[in-house]
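Engineer: These are the residues of each chain, in order.
Number of protein chains: 2
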Amino acid sequence: MASAVPVTELIVRKRDGGELRREEILDLIAAYLADEVDDAQMAALLMAGVIRGFTTDEAVALTEALVASGDTIDLSALAGPTVDKHSTGGVGDGTSLVVGPLLAAAGCQLAKLSGRGLGHTGGTLDKLDSIPGFRVDLTPEQLEAQVQTVGLAIAAATAELVPADKRLYALRDVTGTVASPALIASSVMSKKLAGGAAHVLLDVKVGDGAFLPDPASAVDLAQLCVSIGESHGRRTAALVTDMSQPLADGIGNALEVAVAVDTLQGRRGGRFRELCLELSAGALQLTGVQAAAARTQVEELLDAGAALDRFRAFVAAQGGDPTVADDPWQVLPAAPVIGDWTPGDGVVSAIACRRIGELAGRLGAGRRRQGDRIDPAVGLELLVRVGDRVDDGQPAARVHARTEDDLAMARAALAELVELGDAPVDPPPLVHDRVGLE
Amino acid sequence: MASAVPVTELIVRKRDGGELRREEILDLIAAYLADEVDDAQMAALLMAGVIRGFTTDEAVALTEALVASGDTIDLSALAGPTVDKHSTGGVGDGTSLVVGPLLAAAGCQLAKLSGRGLGHTGGTLDKLDSIPGFRVDLTPEQLEAQVQTVGLAIAAATAELVPADKRLYALRDVTGTVASPALIASSVMSKKLAGGAAHVLLDVKVGDGAFLPDPASAVDLAQLCVSIGESHGRRTAALVTDMSQPLADGIGNALEVAVAVDTLQGRRGGRFRELCLELSAGALQLTGVQAAAARTQVEELLDAGAALDRFRAFVAAQGGDPTVADDPWQVLPAAPVIGDWTPGDGVVSAIACRRIGELAGRLGAGRRRQGDRIDPAVGLELLVRVGDRVDDGQPAARVHARTEDDLAMARAALAELVELGDAPVDPPPLVHDRVGLE
Chain D
-16 MASAVPVTEL IVRKRDGGEL RREEILDLIA AYLADEVDDA QMAALLMAGV
34 IRGFTTDEAV ALTEALVASG DTIDLSALAG PTVDKHSTGG VGDGTSLVVG
84 PLLAAAGCQL AKLSGRGLGH TGGTLDKLDS IPGFRVDLTP EQLEAQVQTV
134 GLAIAAATAE LVPADKRLYA LRDVTGTVAS PALIASSVMS KKLAGGAAHV
184 LLDVKVGDGA FLPDPASAVD LAQLCVSIGE SHGRRTAALV TDMSQPLADG
234 IGNALEVAVA VDTLQGRRGG RFRELCLELS AGALQLTGVQ AAAARTQVEE
284 LLDAGAALDR FRAFVAAQGG DPTVADDPWQ VLPAAPVIGD WTPGDGVVSA
334 IACRRIGELA GRLGAGRRRQ GDRIDPAVGL ELLVRVGDRV DDGQPAARVH
384 ARTEDDLAMA RAALAELVEL GDAPVDPPPL VHDRVGLE
Chain G
-16 MASAVPVTEL IVRKRDGGEL RREEILDLIA AYLADEVDDA QMAALLMAGV
34 IRGFTTDEAV ALTEALVASG DTIDLSALAG PTVDKHSTGG VGDGTSLVVG
84 PLLAAAGCQL AKLSGRGLGH TGGTLDKLDS IPGFRVDLTP EQLEAQVQTV
134 GLAIAAATAE LVPADKRLYA LRDVTGTVAS PALIASSVMS KKLAGGAAHV
184 LLDVKVGDGA FLPDPASAVD LAQLCVSIGE SHGRRTAALV TDMSQPLADG
234 IGNALEVAVA VDTLQGRRGG RFRELCLELS AGALQLTGVQ AAAARTQVEE
284 LLDAGAALDR FRAFVAAQGG DPTVADDPWQ VLPAAPVIGD WTPGDGVVSA
334 IACRRIGELA GRLGAGRRRQ GDRIDPAVGL ELLVRVGDRV DDGQPAARVH
384 ARTEDDLAMA RAALAELVEL GDAPVDPPPL VHDRVGLE
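If you're matching them up, the sequences are chains D and G in order.
In case it helps, the working numbering puts the first sequence at residues -16 to 421.
In case it helps, the working numbering puts the second sequence at residues -16 to 421.
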């Protein structure tokens, strides 16, 4: 509180609906990290901003301040267009495992820094951990060298990357100040900017399984993220996509890897494959490829097995067993108890997406709090989606459990979470909107 | 943060405009004092409340929670009606020094716990300290015994009285969360409730020299304080009074005691005497005396010297030199440099009240921060008020300074702070409103 920053004045201005200038925000975050502004002052300021709203200029400056708090990755020595892809998180949302190799096959270079899952959404690192031998702790040099040769590397973000975001997030989590578009966007974009890619494609999820329930607020968040990225000289775009039901057929760590491999092998279609293609084409568009050509190119690369080859090389480069790309179930850990759930006859009218994610977590696939151990083998295979007809005796889901009790618990839960009706139901749109793309 | 209180849920509810229940507020403050809710969480909640507003029920419950955090004074053994009087603070606002003895002379019993001044407003304890020998550190037993015999005691509030208010105020001070009617009212009223008096008269100041600039917000605050007091079983009322110019002729510690003695001796009239009578009559009304009778009674007691006698006994009981009641300038410390300020010819059209208070502070009469030493002798005598005519060569103020430089500084400042014009000006009303009184 002995700061040179007139912090109480800034708090009062924000409280009364005013705007903070770029220099004030940079000074404020620097003073916070130097313990000259305390948690209570920062919490008061954040709450004022959550209620009054932050301007786009404030979000841009806050992002700059967060990036300035730590290390940044320099990818400028790489030859190809550097690309990053980020999802705001959902259930059965393992698109990175397909989009990464697919974009690498298209000549892009992806140095992806990722995180662990928390709550009902999974983390890319947790999924990759289910591949025996796979290492996620790469040094910046190892990361860059691998991207140079393979086109793709996925590593754990270090504590030195955007430390202010980690500290702010921990504060927001306990002070009711998470729900702010500007705070969410600056948190997401600070990590993308620090990651060094020149092109950033965002997948902003909307629906019950995402943290944004309605398309309008998701589009607002997407536009804010795109404004922040473009203000900092990155080509940035976003798809706003459906999370009203789980995306992939697999929900759980090894299960999601298996579904990704199936998709890379061309043996699985559906909404997951379609979104992987849409995201990959969108990212290619950012690098200058025309829309129709981008879509054709990514479909051809996927169908020709080029993305699968790139996935195999990527796994091998990070110490994982590359045969996961050929026969995933020979390599991935399997759950001891597997059983189907057959709901009877009807049309799927709704799936409680968030609670499906939480059910997978209860089986052991997720964490309730940081540091919890997860079980890579367990989870759910969801064999139907909204609008699908189920016949009597046809399984709608397959449970991968640690115990018979868990299987019984999951079957009972599924009966509550998957709703069947008689009338035909239109499936929800997969892509609600595009921001920054033609 | 490991509290049983679902604090984040409470913060989010308040952030979104909801209301906290009484039990939730009691639990929250108890958990805060037990360090189970941290400063950041409390600051976020306070900011949400400052912006969204607290309901009267919330303010009543918060006051209860603050009182419950520490000791309370039990005055139920006293024979007469117990009365407390509180001003929200202003410049030249030493009415307690007259109202206290006057109410004691009328048969009331006042056990007043008071504080020190900070910023541009003076504190009653600082004023009393200028009387040689006067002690303000009474035990609860000494306080009660003195009230029993003299009818009046004024002591320093101990750290055990409403400790939660002290902690909250320190937090609010650095987090931009001072400006909330509910937080201000609960802070004021918690101390009045803990002080034990059955009848509470508030003097809510409004104008440039107070912290509330407009009458409407002052009336709102007064009504809230009265609601809180009545909800807790205390007969409570408030006068909303003018602080657009200094109240008493003296601004400074010994100077304010001297003006009070002059008033008790019947040798000084004006707005200060008038407000002392209004406040005393208002307090008597609370104890059941009819309005006109109350006014007549306090005027008669003041004019008969009964209040002066009570003041003399009160000073003697607390170790001070009682002859201050007979010839204050033989007893009180005098400043070494005294000089008049003569502005020339005109009608006083405005006095910058807050800055007059700050000027007295710069002369040494006030504190910039807690712990600063004050100079009891210095200050200003203000010889005119808005609407008064000043003739050429007639002094409008007298400066009591430590040095010649200070005198010159004060004269230059006064020329900026007291505005003279040609046209006649109506003086501002002394009492803007009454809340809870006929």
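Quick caveat, the hints were computed from the structure, so don't treat them as lab data.
Some clues are possibly wrong.
Not the full set, but computed from the structure, chain D residues with beta-carbon under 7 Å of chain G [what the hints assert, rightly or not]:
hint, residue
1, Val(-5)
2, Ala23
3, Gln24
4, Arg118
5, Val119
6, Asp120
7, Leu121
8, Thr122
9, Ala153
10, Leu154
11, Leu315
Because the structure is a prediction, the values reported are computed rather than measured.
For glycine and all other residues, C-beta sits at the position ideal for the given N, C-alpha and C.
Engineer: So, for every hint listed, does it hold in this structure?
Structural biologist: Verification of the supplied hints:
1. Val(-5): OK, holds: Val(-5)/D within 7 Å of chain G, min 4 Å.
2. Ala23: Status holds, d = 4 Å.
3. Gln24: holds (5 Å)
4. Arg118: violated (34 Å)
5. Val119: violated (29 Å)
6. Asp120: With a minimum Cβ separation of about 29 Å from chain G (threshold 7 Å), the hint on Asp120/D is violated.
7. Leu121: violated (34 Å)
8. Thr122: Hint violated; Thr122/D Cβ to chain G Cβ min 34 Å, cut 7 Å.
9. Ala153: With a closest approach of 10 Å, the Ala153/D hint is violated.
10. Leu154: holds (6 Å)
11. Leu315: This hint is violated: Leu315/D lies away from chain G, its Cβ roughly 37 Å from the closest one there, beyond 7 Å.
Of the hints listed earlier, those the structure fails to meet are numbers 4, 5, 6, 7, 8, 9, 11, in rising order.
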